[in-house]
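So you can see what is in the structure, the chains are spelled out below.
There are 2 protein chains.
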Amino acid sequence: MKVVKFGGSSLATGAQLEKVFKIVSSDPERTVVVVSAPGKRNAEDTKVTDLLINCAKQYLLFGEAPELVESIVSRYADIADELGLSNDVIDLIRSDLCQLLEGDQQDPSRYIDSIKASGEDHHAKLVAAYFRHQGADAYYVSPKDAGLFVTSEPGNAQVQPESYQNLSKLKKQQGIIIFPGFFGFNHHGDMITFSRSGSDITGSILANALKADLYENFTDVDAVYSVNPSIVSNPKEIRELTYREMRELSYAGFSVFHDEALIPAYRANIPVQIKNTNNPDAEGTTVVPKRDSTNGPVVGIASDSGFCSIYISKYLMNREIGFGRRVLQILEDDRLTYEHIPSGIDDITIILRQDQMDETIENRIMKRIKDELDADEVTVEHHIALVMVVGQAMRHNVGTTARATKALSDAQVNIEMINQGSSEVSIMFGVKEAQEKQAVHALYNAFFEKALI
Amino acid sequence: MKVVKFGGSSLATGAQLEKVFKIVSSDPERTVVVVSAPGKRNAEDTKVTDLLINCAKQYLLFGEAPELVESIVSRYADIADELGLSNDVIDLIRSDLCQLLEGDQQDPSRYIDSIKASGEDHHAKLVAAYFRHQGADAYYVSPKDAGLFVTSEPGNAQVQPESYQNLSKLKKQQGIIIFPGFFGFNHHGDMITFSRSGSDITGSILANALKADLYENFTDVDAVYSVNPSIVSNPKEIRELTYREMRELSYAGFSVFHDEALIPAYRANIPVQIKNTNNPDAEGTTVVPKRDSTNGPVVGIASDSGFCSIYISKYLMNREIGFGRRVLQILEDDRLTYEHIPSGIDDITIILRQDQMDETIENRIMKRIKDELDADEVTVEHHIALVMVVGQAMRHNVGTTARATKALSDAQVNIEMINQGSSEVSIMFGVKEAQEKQAVHALYNAFFEKALI
Numbered sequence: 001m002k003v004v005k006f007g008g009s010s011l012a013t014g015a016q017l018e019k020v021f022k023i024v025s026s027d028p029e030r031t032v033v034v035v036s037a038p039g040k041r042n043a044e045d046t047k048v049t050d051l052l053i054n055c056a057k058q059y060l061l062f063g064e065a066p067e068l069v070e071s072i073v074s075r076y077a078d079i080a081d082e083l084g085l086s087n088d089v090i091d092l093i094r095s096d097l098c099q100l101l102e103g104d105q106q107d108p109s110r111y112i113d114s115i116k117a118s119g120e121d122h123h124a125k126l127v128a129a130y131f132r133h134q135g136a137d138a139y140y141v142s143p144k145d146a147g148l149f150v151t152s153e154p155g156n157a158q159v160q161p162e163s164y165q166n167l168s169k170l171k172k173q174q175g176i177i178i179f180p181g182f183f184g185f186n187h188h189g190d191m192i193t194f195s196r197s198g199s200d201i202t203g204s205i206l207a208n209a210l211k212a213d214l215y216e217n218f219t220d221v222d223a224v225y226s227v228n229p230s231i232v233s234n235p236k237e238i239r240e241l242t243y244r245e246m247r248e249l250s251y252a253g254f255s256v257f258h259d260e261a262l263i264p265a266y267r268a269n270i271p272v273q274i275k276n277t278n279n280p281d282a283e284g285t286t287v288v289p290k291r292d293s294t295n296g297p298v299v300g301i302a303s304d305s306g307f308c309s310i311y312i313s314k315y316l317m318n319r320e321i322g323f324g325r326r327v328l329q330i331l332e333d334d335r336l337t338y339e340h341i342p343s344g345i346d347d348i349t350i351i352l353r354q355d356q357m358d359e360t361i362e363n364r365i366m367k368r369i370k371d372e373l374d375a376d377e378v379t380v381e382h383h384i385a386l387v388m389v390v391g392q393a394m395r396h397n398v399g400t401t402a403r404a405t406k407a408l409s410d411a412q413v414n415i416e417m418i419n420q421g422s423s424e425v426s427i428m429f430g431v432k433e434a435q436e437k438q439a440v441h442a443l444y445n446a447f448f449e450k451a452l453i
Numbered sequence: 001m002k003v004v005k006f007g008g009s010s011l012a013t014g015a016q017l018e019k020v021f022k023i024v025s026s027d028p029e030r031t032v033v034v035v036s037a038p039g040k041r042n043a044e045d046t047k048v049t050d051l052l053i054n055c056a057k058q059y060l061l062f063g064e065a066p067e068l069v070e071s072i073v074s075r076y077a078d079i080a081d082e083l084g085l086s087n088d089v090i091d092l093i094r095s096d097l098c099q100l101l102e103g104d105q106q107d108p109s110r111y112i113d114s115i116k117a118s119g120e121d122h123h124a125k126l127v128a129a130y131f132r133h134q135g136a137d138a139y140y141v142s143p144k145d146a147g148l149f150v151t152s153e154p155g156n157a158q159v160q161p162e163s164y165q166n167l168s169k170l171k172k173q174q175g176i177i178i179f180p181g182f183f184g185f186n187h188h189g190d191m192i193t194f195s196r197s198g199s200d201i202t203g204s205i206l207a208n209a210l211k212a213d214l215y216e217n218f219t220d221v222d223a224v225y226s227v228n229p230s231i232v233s234n235p236k237e238i239r240e241l242t243y244r245e246m247r248e249l250s251y252a253g254f255s256v257f258h259d260e261a262l263i264p265a266y267r268a269n270i271p272v273q274i275k276n277t278n279n280p281d282a283e284g285t286t287v288v289p290k291r292d293s294t295n296g297p298v299v300g301i302a303s304d305s306g307f308c309s310i311y312i313s314k315y316l317m318n319r320e321i322g323f324g325r326r327v328l329q330i331l332e333d334d335r336l337t338y339e340h341i342p343s344g345i346d347d348i349t350i351i352l353r354q355d356q357m358d359e360t361i362e363n364r365i366m367k368r369i370k371d372e373l374d375a376d377e378v379t380v381e382h383h384i385a386l387v388m389v390v391g392q393a394m395r396h397n398v399g400t401t402a403r404a405t406k407a408l409s410d411a412q413v414n415i416e417m418i419n420q421g422s423s424e425v426s427i428m429f430g431v432k433e434a435q436e437k438q439a440v441h442a443l444y445n446a447f448f449e450k451a452l453i
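Residue numbers (UniProt numbering), protein chains in the order written: chain A, 1 to 453; chain B, 1 to 453.
One should not assume that every hint holds.
[Unchecked claim] Only some residues are given here: those of chain B computed to face chain A with a beta carbon under 10 Å:
(1) Arg247
(2) Thr349
(3) Ile427
Just so you know, the hints here were simulated from the structure itself, not pulled from any lab data.
These numbers were taken from a predicted model, which means no experiment stands behind them.
Virtual Cβ for every residue (Gly too), placed ideally from N, Cα, C.
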């Protein structure tokens, strides 16, 4: 069987729901459908989830938000109208939403979270009604009834281990299950959401619990591209890549698939296929545990900006036991995560995301490193971009690094740092942000445009 | 003024001492001479220091070692004979050595250390006698009288801060000071040696204390070479390099100058010149605080084997605050130092020297990482060599990395890892030990044999 997840733009209008129904009903293996809240119908539109957040906030302030409630309900009503559904489901959605809005407001973030989660929950009910209207044996399943239990952190719920066992029982049910994405319940019965794009997580958890043969993730692009299309136009599509490669790509700017969502599928070795609701015949991209590397060693070029580097030098640092550990302890004391630590003999560089540090934190860190570790020199460089060449097959390919560095050199990009560990799933280059696009272009040309030797 | 240090091979015979006298007396700035114990006279010979260690050990076992005492004293006597010196100084050396051998044996390592140190001490007295015999105003100065105080760890003495102030008073003395290298005294009056090649350290401390204009280090090679001559024949000599470059080179297999010895000179910005006693007109190599990079970005290629790499992967490692710090803590608990930590998104590789770990430690470390950090995969790879391209001017040279990686790729060397931090004093490549020489050849050819663009 297959778990199929549809994103918000795939479910934004009646016309989109018709496509979704066609896709699901064209393959009897597609028995579990995970739905998002209605997304944008056009570039200026607002997602239902965002309307819900505003609505909850207004309720917290004024105890009512009649216009927002109507605009939310009308989003569902428009779809129902378009599809010729009865008003029953819309009445149900309106009453349920109003009941939620009148709920316990003692913990505002939990209150907002439950309202936010209703976007998916209500849409699952609407989708189930539409599928039945089309003659399918489809029904809404509540995450509560199915036993999808999560931790209590709003917006960052973690699945509880027993959920997998609970959800596996859905296998016995007949027909098509319509399951709302994005949230679960804590043990007190509160709705708690996963991190943003959390419907991907729900689908992945279900795929794992049900030992699905495939987890299909329908979105609005034909495939994962080998490079960011906003930097390089018409880039090559990736047909197949490994979990590790996907993770490395999504780390540095690829946002097609929520990387945290890969974990449950990864743990159960379930392939994840990314497809386009608007073009379901396109091959899509499949994320697999292993792949052969017939398509060349590199699958993609990713980049992300907003990094900084802290450079620390101290003569004979190399002989000091515990130096590196103490540097990392100082970062940890301020809850900072670092990305990489390239090092010379007597110096180390720490690459971290700038947005974790304001000036106060930065100054405190710098002072502590200087004073407590008696460093000779501590400097920080801002506006660093990381550019990654990703491909699991690089490991056994002698020339990959040479090709990459030559491409950067030919493009007059100065490499600020390089990081390549034993895994060789990726080579990371640090460059100045001003040279990021130049670097991505150069690497894309080197690995995808030129004939590979 | 200049502090001049002579190594053991420069002081092994009377003929060598004649060269030393010529060198010192040819320049009135050479007023402080640091001497080593007599070294090897030929490839089969034994250094006096090694004879002394054996002699001390035999004394500890049997309370006497008449033959070893004679062979030690005869080394000095042969030199005195060759130079036509009176027997007075030899008698003095013999009685002093015998007195030391009858000394306190309660702490065997300290006992051996004091015997070991006498090699330099006695030779300084002999050299001073010879210089006076030649008509020079030269005299032996005892480290004790001069106030060279050190910590009490035999074979790894660290200079006490007050020594610099004490030694600075030598500046007022007239004539040529002959100062024994390799040891100082702790506050109880015990002779304690520096680490091996410690005469370099003594010279560097004196150069700092006396604010010398130059610290000349006479040895038996014309210069520091840009690559190990046992791998590449007739390599290019290095005329000038920075402390940092010297340190990076000496880290990975360059043993011309003891890198710990650079510190005192480095702290006082005193240039260090490496020259050849047997060819004093050769230009030598000068270690300086800064250099211009007119000779190309790279000064040398160094390599060293005997490393291993521990590869750790864990899905979403990157999001775990404290992961890296906890890995380093595990290493620190076993007093292990690491060299580099290249990393991917969800993996890190730790490069460390194999000789720190036996199988038991290795297994313990691996198990702790696996269990305590819940890693997905922990593997160790042995027989790794590190090959370094060193040059402070690489920082602003776009093509250096490309040139290096292309050279390795053309030579079919697989790069296991790369490490290049912000300092860019060096780029480190990890390769399999079996490919070490191949890699060094390829890099040397790329940076020194081909015309540089």
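Right, here's what the structure says about each hint:
Checking B:Arg247 against chain A: minimum C-beta separation of about 6 Å stays under 10 Å; hint holds. About 4 Å separates the beta-carbon of B:Thr349 from the nearest beta-carbon of chain A, less than 10 Å, and the hint is met. The restraint placing B:Ile427 at the interface with chain A holds, with a minimum CB-CB distance near 7 Å, inside the 10 Å limit.
Figure legend: structure checked against the earlier numbered hints; every hint is met.
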